[in-house]
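Student: Residue numbers (our numbering), protein chains in the order written: chain A, 736 to 1129; chain B, 7 to 251.
Rather than coming from a laboratory, the hints here were simulated on the basis of the structure. Glycine residues also receive a C-beta, built at the ideal position from the N, C-alpha and C atoms. Please note that the accuracy of each hint is not assured.
If you anchor each label on the Cβ, the simulated ranges turn out as follows [said to hold, decoys possible]: (1) B:136 with A:1071: 55 to 65 Å; (2) A:1103 with B:139: 42 to 52 Å; (3) B:136 with A:1027: 56 to 66 Å; (4) A:1127 with B:151: 23 to 33 Å; (5) B:82 with A:746: 38 to 48 Å; (6) A:782 with B:164: 57 to 67 Å.
Computed far set for chain B versus chain A, every beta-carbon distance over 12 Å [what the hints assert, rightly or not]: (7) 22; (8) 30; (9) 76; (10) 166; (11) 188.
If we take Cβ atoms under 10 Å as the criterion, some of the chain B residues that face chain A in the derived model are [what the hints assert, rightly or not]: (12) 95; (13) 98; (14) 107; (15) 111; (16) 118; (17) 121; (18) 130; (19) 230.
For reference, the chains in residue letters:
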Amino acid sequence: MNTFEAIRVAWEALRANKLRSGLTMLGVVIGVASVVLLVSIGSGARDEVTSGVESLGSNILFVAPGNLSFGSAPAVSRLGLEDVRRIGDAIGDPRRVAATVASGEVARVGTRRATVNVQGTTDTVPLVFDRTVSRGAFFTAADVETRRRVAVLGADPADSLFPGRDPVGKSLTVGGVRFRVVGVMSRVGTAFGVARDAELFVPVTAAQRLFGVSRVDGIAVKAPTTDQIDEEQAIIREVVTRAHPEQEYQVLTQEDILGVVGRILGILTLVLASIAGISLVVGGVGVMNIMLVSVSERTREIGLRKAVGARTRDVLRQFLLEAVALTVSGGVVGILLGIGAALLVGRFSPIPAAITGWSVALAFGVSVAVGVFFGVWPARTAARMQPIMALRYE
Amino acid sequence: MRQPPVVEGSGGRKAGPPVVEALGVTKVYRLDGVEVRALDGVDLVVERSDSMAIMGPSGSGKSTLLGLLGGLDRPTSGTLRFDGSDVTGLSEDELAAVRNRVVGFVFQNFQLLPRTPAVANVGLPLVYRGLGRNERRRLATDALTSVGLGHRLQHRPSQLSGGEQQRVAIARALVSDPAMLLADEPTGNLDSRSGEEVLELLARLHGERGLAVVVVTHDPGVAARFRRQVTLRDGRLVDEKEPAR
């Protein structure tokens, strides 16, 4: 029997029991659809993080306390403005260094309120993070030096606090402290699920007094070119280690961050896919069950086929193909369903979903493998039947 | 009353070795730890163009013998040869090829695939010979025409009478052009008229094509229409009647 003929026979056997085949397939459909959907969500999250990290600007190095790895507790920074100065001196260009201390606060203008992410920063933010202002100007080094209470508004609070008005020159209050608006940032969109347009930039010195701290949370350095990243990373590491021998600091490139976050999301995706994989296994057991029933029901057919010349491998192939036909048709339906669900999730929910070719190919491959794995035993049962016994089976 | 036609051999066509030779064949089954000696030292040769009825009460080993003669099973001991080659030397696949090429089976309960048109049922042995669909269809149509069912190609077994179903089964046995037809109670599930038609068909095929025909039956009336009549009792051949030539 050639393979094409065998596929046709398998297909007809499944069609002969449409309801049963359909219900058996359903298990595989659900399993494959959930694998495709969950892997899409995992990939979508990774894409979003990647674009988020990349949107911070290029050639950036981050100084942060502690050991950035999966599972470690975040450490409190002991970095201060003197570290910003030291790093600026070490790399020979203080304009390429930015510091930040941040906190979520409520900004008020009259009776209007907006939740903002107050970022106390140095004046170097526009250069380091490739950010621009749409109105007014960013605050200056002198503003930072003199702890002036000026603020640059993100695009969202600018709209909500000053609807239809130009905020530049107006004032707002944060935690009871009045700030004068000197500029409005250009809109940049959302990254990491954080609305970056909800930021409110104030001089780092003013922010430290507002929050009652003397630390900065992190320092960012923009290397002049990609080739100089490694070199500057080494310089900064040395400066920070010498200044803070008591605490461990990390100097990370964007690639490092993407690597760590990528690993975390990779594990997450794997866990999600594994959970979905369990339902695929359950579907496979259903296929095996129904194939054993089918083999038993068709004992006489098997006997007859052997009597007229079917070899052991002909029978094996016939039933194996039947199992694979079940799981592959279930797999194709499941893939379409999973893609459809991922498109809906990506469109109508805040959860990102990116359909990847490899996950679809994997899901297809897995559904073939499930068919083979769970079909082998029933098929072997069929193939090993003694024809004379099988023909007499009632 | 019309005399039933005696199935006559086509006479003297004996090219090559016998279709099947069984020499001292014994078959022992183990059922729940008890040994059952279904066949005990049976010698039987089916010549080319033979005509034989195997008789005996139920449990005498008729079906076991038929299974061995058809290559569905292997003897526990003794020699069994198909076309001169010993089955002990044949692999499972080679034995499957023997069933495909040497033997055509006809069963009491027809053993047709349900929901499958007659022409596909008849073409089934050719599937395992690797023939393409068109070729199978052509040969199956010829076989069905030769049993008088050329007008029933697309009918499913459930749409056919018992006699027609058995003729489809005979066409399936014929389609692979075997040397021997093995029929196990071929009229057992048929009314007497249909049974008569089936027996006449077997006689005609024997006469026209020189097919060896071996029938297992407990009906002496059926057995009487075959040239040789052998009787089994308790797994042994006790009697062979062969009319004088």
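Student: Which earlier hints can't be squared with this structure?
Tutor: Hint check: 1, 2, 3, 9, 11, 12, 19 fail, others pass.
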